[in-house]
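Visitor: Go by the hints and put chains R, U and A onto chain D.
Number of protein chains: 4
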Amino acid sequence: MNFASDNAYGADPQILAALTRVSDGAAASYGEDEITKSVAARMAKIFEKNVAVFPVVTGTAANSLALATLCPPHGAIFCHGESHIAVDECAAPEFFTHGAKLVHLHGGGAKLSPQSVADALPGFMRGVHSAKPSVISITQATELGTVYTPDEIAALANFAHDNGMRLHMDGARFANALVHLGCSAADMTWKAGVDALSFGATKNGALCAEAVVFFAPKMAGDFEYRRKKSGHLISKMRFIAAQLDAYLSDDLWLTNAARANALAKTLGDGIAKLAGATLAQPVQSNAVFAYLPDAMVARLRKAGAQFYDWEPARNGHTLVRLVVSFVTPERAVSQFLETARQ
Amino acid sequence: MNFASDNAYGADPQILAALTRVSDGAAASYGEDEITKSVAARMAKIFEKNVAVFPVVTGTAANSLALATLCPPHGAIFCHGESHIAVDECAAPEFFTHGAKLVHLHGGGAKLSPQSVADALPGFMRGVHSAKPSVISITQATELGTVYTPDEIAALANFAHDNGMRLHMDGARFANALVHLGCSAADMTWKAGVDALSFGATKNGALCAEAVVFFAPKMAGDFEYRRKKSGHLISKMRFIAAQLDAYLSDDLWLTNAARANALAKTLGDGIAKLAGATLAQPVQSNAVFAYLPDAMVARLRKAGAQFYDWEPARNGHTLVRLVVSFVTPERAVSQFLETARQ
Amino acid sequence: MNFASDNAYGADPQILAALTRVSDGAAASYGEDEITKSVAARMAKIFEKNVAVFPVVTGTAANSLALATLCPPHGAIFCHGESHIAVDECAAPEFFTHGAKLVHLHGGGAKLSPQSVADALPGFMRGVHSAKPSVISITQATELGTVYTPDEIAALANFAHDNGMRLHMDGARFANALVHLGCSAADMTWKAGVDALSFGATKNGALCAEAVVFFAPKMAGDFEYRRKKSGHLISKMRFIAAQLDAYLSDDLWLTNAARANALAKTLGDGIAKLAGATLAQPVQSNAVFAYLPDAMVARLRKAGAQFYDWEPARNGHTLVRLVVSFVTPERAVSQFLETARQ
Amino acid sequence: MNFASDNAYGADPQILAALTRVSDGAAASYGEDEITKSVAARMAKIFEKNVAVFPVVTGTAANSLALATLCPPHGAIFCHGESHIAVDECAAPEFFTHGAKLVHLHGGGAKLSPQSVADALPGFMRGVHSAKPSVISITQATELGTVYTPDEIAALANFAHDNGMRLHMDGARFANALVHLGCSAADMTWKAGVDALSFGATKNGALCAEAVVFFAPKMAGDFEYRRKKSGHLISKMRFIAAQLDAYLSDDLWLTNAARANALAKTLGDGIAKLAGATLAQPVQSNAVFAYLPDAMVARLRKAGAQFYDWEPARNGHTLVRLVVSFVTPERAVSQFLETARQ
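Going down the list, the sequences are from chains D, R, U and A. Counted from 1, the first sequence has number 135 at position 135 by my numbering; the numbering is strictly sequential. Counted from 1, the second sequence has number 173 at position 173 by my numbering; the numbering is strictly sequential. Counted from 1, the third sequence has number 47 at position 47 by my numbering; the numbering is strictly sequential. Counted from 1, the fourth sequence has number 335 at position 335 by my numbering; the numbering is strictly sequential.
Chain D with its partners taken away, still in its complex shape (with noise of 0.2 angstroms):
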């Protein structure tokens, strides 16, 4: 019964299997090999477009140089207060950025909005004593696990725009949240408006493989020298190719985010029948946000369950987090329910 995270699990079979069958002989390294070729050739055919792919190791150097990329030194960035960049990458965008502003806005279910972001603007057009507003970052599906229409992303980059900026998405559960949507990745990335993507694969069936991809080529600038100057160049880099290649091949992306969806729909829908436990968040991705009464909560912990407390305790009741990965056992979801019906 661990809902701790998606990256508490392995790898997928067919992605372990891709690293064995690329690894015979001798191949050109630090990305000049055909595997990585494949991977972009494979992003291009997904995002119906010419789009410039990097892939990198950790999805904190994803969005860290993304950001670097988008942002000054003495650049604003605009996101959740709850996001990923906000708070769980140990100030890695302010390290790569060289000291860029992470501006922490709120809003509902862990999205912004273009009017959160317009309530913020003022106190950073002031001239050059405060940071430049150049880049919001969303993250697609959310910390808690909800999701951005088409549309809303749309009124997000349109508003960025206007005002000078680029529209970042931290993309680690993108998988988890095209499927929700059922749309296509170019209908929830460039054709909504998005510039650059940090598209993950680690959490559904990767061992360490996220890419970076910019929309216009261009805008990446010199992304390969500030990845090779931060050490995420890998040099037999086609070992994180093939898990990328082998993720992006026979829908295994897609397949794997939807049973992890499913589950956590099994799982959501479990807990809201549940007596004493409410839903905080719609289920729209792999993840569970609910109050659970507390004893029910320590009676799952000493069952084994394992998962995250979101909120301290308060009123007898405890917002938890409960992740489902691509390859979490379907009876970990009835065993949990069970525990916690009792």
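A pair holds if it fits inside one copy or across any two, identical chains being indistinguishable in the list.
Derived pair list, reagent style DMTMM-like, types lysine to aspartate or glutamate, alpha-carbon separation capped at 25 angstroms:
| hint | residue 1 | residue 2 |
| --- | --- | --- |
| 1 | K218 | D162 |
| 2 | K265 | D187 |
| 3 | K37 | D24 |
| 4 | K265 | D24 |
| 5 | K265 | D294 |
Since the hints were derived computationally from the structure, they do not count as laboratory data.
Guide: Only chains R, U and A this time, still in chain D's reference frame:
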């Protein structure tokens, strides 16, 4: 006939197998897992000492994070002008240290001596106008394939410590050097005075796994914050740890290095006998540096041999670098020598 | 009627005279001169303690250099959301600290309390995923003109020290606060637990002179390297030191602050009696924050009064900031009140 | 007999007088005042061109901010190994550029030539493994007191531009070089291809005033943000601007430089005639570099002469640097020569 680099080859089958072996089920993420602990235990045994061990995925990250831990932003790092940190890492150490100064020194066989540092030191003893002498960094085996003896290392360590500095060793090819010397890992490092080590595994069989080792664990300071802040804390860490674990099991690391060294020796011996060819450096690890006649170079390239020119052609000869990996086919060596001889 | 800022006014004649006085002949450069030593001696007397003193030319440099000395690149600095370091310095602290996180807190009168920091702290106690709590920074007098009592400072200092943090005070208007409290400089700083102080002189009579003061000289560490490396070591330092020397002579700093505070009091008292106007904060230093009817604001501006709107107009009133300097003419105050009354 | 540095002397009386003159009354802060505008107008006239001008207080800040504007974090800056940015600024350029690489080159008279850069360039044309060639930086007059001719500058500028780089000039002693050449300021800068200039005034009469000049104003980019973010935007800017304004008025800058150069010439001519002494460099600005017999050096120091040894004593002679300022007494020169002659 690929002698371009040891990172042109794939991964050791035993290491690939370990990835599959550790993938099942849930585990703590971010390095709190059992396999990461096992790596630490293996390192303690190898070094005969309790050490602080931090897995990362690239040598550039290992070197830069180690240096940033040892050197303040206003510090000076003395290194050889041909060292990897000086010329092959896109000034990554300058980024991670927040602007420290790398002082490029000279010395035969890409080696530093206490005298080479002593000659440069007065320029850095003028108070705040120059960077503060903080670290001496050496590469073992060096970028020219030569190997420091424990005595040479101890002399540098003593000089560093006498002058308020610390000694860092870039061990991208640590195993190759160790096998050549035939001494213990302890003798080649902390017993000789090394403070921090970048322990390489990628070039000798891993997919993407290195480790930073501090021999006085307290010296690691806030290393873990720096690793996270630079995007180098892998969420599914067990997959990096598993590579190191397999690498250090059953003497795999030493066996692989011994094979590469021996094959390089065969290649070097063969070249030394070629008419018009000369070894530029003694073959002490898995690289051969030789002056070859330009016609021979052209003939080899035409036959498909891959290797780097280390210096531009001069007087009809070119200095070339030939690197042999743990898995370079023996036939590549014999074929190279045959082609060269024609 | 210029109430825009205390930096809108020029320099004190006694300070200007000092510049000419010290200009003759040759002297050691980079702070090795006698006048710089005299400043250190005066500071030791004022603070009743041996302190480390470093003159710089701007408050932003003073704050940023102090914070970079106290806080590692991966540290968190807790400050008020309206503080100068948070919103008026273009993220300079983030640059000098190499990417530390400024955590914006709230509290009435632009003041922090131990509780406000305690509420935020749990989010930073999750290991390397969040920045490491390192510094609490307060402003004395605050950006809303209010003044912390020594007891309030001591409570924050105790909380900081109990949690492994240090307390920094931005004293851009240090003299104004001190005159208000009527206590000793020691009582307001190190006796209450302040670790480092940005001591302001520019707003209260100097041309461009501030000083960073560490109450435990060892805590200054490599401050001098940081100052040089950021271009803030003035070659003809005697001209900065001379400003501070004259400022601290004959109680000039206290006399100037007392005059500004008294005039601000007169202005505040006058405003409190105006129909439709309300003071937003008690007048405790040299700034007046008041809600004025929009018609009154318009009339004042038309008559040439200069001041900033602190918040956009709402419900027919605007929150304005009026700053009085050591040399603002009394007539400016009386004329302002007369115009407001009409 | 103080020949230690031109920054050992005070300020020009006309510049001191200007400070008092501009101090009265209120003025816009942060460079929005009339005097700052006047400086820009004077610069445009001197350079016969609309230029972007930004006052700062130190040469290190001027150089570092100019370089950070011209060079990305992953860029390489080619400079002479004896240049101020290379060895006298505590790696400040590395800090402001966020980790760029300063490549130390050699050349007689502390001068670079296109060939010296061309020889180093191939090492930086290997993609992301090395820093990206971005800037050539020269010093005028050089650290050895020599002066580039406009033709020499043009050759470097052409080489820079042909290779995608820009040319920066550190003009800490700009006036001294200009007076020596007798050409126009335009001829010595943008007409020869200089892109950005650190224009020095402090060494030649100001208290603390330099200016960064971009000859194509658009190239300044976000300079103002960088200046603010590094704490170098002075709030009462009129006091820095007034120094530059007076410096550029009535040919004060040229008169001062001419006097210093002439006196240095007298000193150099006198030394050339001393038995056992030799000039190490032609005297082209306000510095004299000479090999003096060690006994003479000892005798001069005993008599109170202050100057720096530029190299350690060798073969009975020491290379010394003697710098003459705009206000060094003539008597100091005659006394020095008399003492040397005894």
